[in-house]
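A.B. asks: Sequence:
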Amino acid sequence: MSSNVNKKAARKVKRQEEENAKRLLDEKIAAQERRDVKTRIIVAVVSVVILLVGIVGVAWYAIGQRNKGRVDTEVSLGSYRQAVEAVSSSPKNLTKEYGFLISKNGLNKPVANVPTVDVYMDFMCPGCGEFERATSKDVTKMVDAGQINVEYHFMNFLDQYSPDKYSTRTANVAIYIAENQPEKLPDFISKMMEENIQPEEGSSSVPSNKDLVKYTKSVGIKEEVAEASIKSDYSTWLDAVTKYIPKRPSLANVSGKYKGQMTTPTVTVNKKFVDLNKASEDSISLEEALLKSLGITKKNVGKAAVIPSVGASGAPLELKK
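Just so we're aligned: the sequence shown equals residues 1103 to 1423 in my numbering.
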């Protein structure tokens, strides 16, 4: 009897310690976000002053802000990563940056000496759907042939534009599939990104859980996996990772309207940014942009003997006509 009481007391203490740790992290993140807001206000005020003092002031301010931004990013990045690590109900078999790597070898078993393509996405993101529809056939062929690895990163920031957290619900299903039938994950993603299935932002008509089960089964996912997938709940983890990902400087746009900010879809080759904005400006299609960045031609897609020229560590090739 005494032993049971001691165990209950120990569990209670442990729960309290976890709650305290989470509270401290939440407070730290909230404080960082307040500092970010304050910094944006200061930037707006100082920018007006700079316009009045001239070019010399602009040069000084730009350099000073870059240095300060680097420090703020490091502090913020660490806090957000700690918040992700603190979530107890997190997916298993994650990569270092919280992705699900698929290769011909299976989940998180990369093929050696070939490039890895990372895709950061939200299931309601229209650009993500466009990218998936343009590239999925090539990606599947290259993965099956062992020419590339592909790593998916799910986010839920567009929950605010659906009536029932569609992004989170669909990501939960995707994660469960990744953990239980990983070879079918790319097929599920492609299915959910079909034009007649992917809902528009702000739409009141989105696929229900019953629909999600139907779509998973339609791509060959086992019935027991499909039925269980809608019961999985990684909502807290998805919330945390969605706050963390945009803080990573390597994922920020390097051109275009949102330069310096992360948008989706974000694509990297060997962890190096692929500038899809420049591709769009130069009238390069999404399919062409992906293949060019890897250094492989359309005719060699799916040929196991042909490895994309960037190899396992090279930077994506320049996108130009």
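Hints listed in this document are in silico derivations from the structure and should not be mistaken for laboratory results. Worth double-checking, as some hints may not be accurate.
What the hints assert, rightly or not - Restraint ranges, calculated between C-beta atoms of paired labels, are given here:
(1) Gly1304 x Arg1235: 32 to 38 Å
(2) Asp1313 x Lys1422: 38 to 44 Å
(3) Tyr1360 x Glu1390: 34 to 40 Å
(4) Asp1335 x Lys1361: 25 to 31 Å
(5) Ser1310 x Lys1194: 25 to 31 Å
(6) Glu1232 x Gly1180: 43 to 49 Å
(7) Ala1236 x Gln1363: 19 to 25 Å
(8) Asp1384 x Ala1330: 20 to 26 Å
(9) Asn1402 x Tyr1360: 39 to 45 Å
(10) Arg1350 x Val1408: 30 to 36 Å
(11) Asn1207 x Gly1416: 30 to 36 Å
(12) Gly1304 x Ala1214: 41 to 47 Å
Unchecked claim - Restricting the straight-line Cα-Cα distance to at most 30 Å, the calculated cross-link-like pairs of lysine-lysine (DSS-like) are:
(13) Lys1293 x Lys1312
(14) Lys1194 x Lys1206
(15) Lys1359 x Lys1194
For clarity, every value in this text was computed on a predicted model and none was experimentally measured. Yeah, the Cβ is synthetic: ideal placement off N, Cα and C, and Gly gets one too.
A.B. asks: Look at each hint and say if it fits the structure.
C.D. replies: Here is what the structure says about each hint:
1. Gly1304 x Arg1235: 32 to 38 Å: violated (21 Å)
2. Asp1313 x Lys1422: 38 to 44 Å: holds (42 Å)
3. Tyr1360 x Glu1390: 34 to 40 Å: violated (22 Å)
4. Asp1335 x Lys1361: 25 to 31 Å: The hint (25 to 31 Å, Cβ to Cβ) is violated, given that Asp1335 and Lys1361 are roughly 36 Å apart.
5. Ser1310 x Lys1194: 25 to 31 Å: holds (27 Å)
6. Glu1232 x Gly1180: 43 to 49 Å: The hinted range 43 to 49 Å is violated for Glu1232 and Gly1180, with Cβ atoms some 34 Å apart.
7. Ala1236 x Gln1363: 19 to 25 Å: Cβ of Ala1236 to Cβ of Gln1363: about 23 Å, so the range 19 to 25 Å holds.
8. Asp1384 x Ala1330: 20 to 26 Å: Violated - the Cβ-Cβ distance for Asp1384 and Ala1330, about 45 Å, lies outside 20 to 26 Å.
9. Asn1402 x Tyr1360: 39 to 45 Å: With Cβ atoms ~33 Å apart, the hint is violated.
10. Arg1350 x Val1408: 30 to 36 Å: Check passed, 31 Å falls within 30 to 36 Å.
11. Asn1207 x Gly1416: 30 to 36 Å: violated (21 Å)
12. Gly1304 x Ala1214: 41 to 47 Å: The hint (41 to 47 Å, Cβ to Cβ) holds, given that Gly1304 and Ala1214 are roughly 44 Å apart.
13. Lys1293 x Lys1312: Holds, at about 15 Å.
14. Lys1194 x Lys1206: holds (19 Å)
15. Lys1359 x Lys1194: violated (36 Å)
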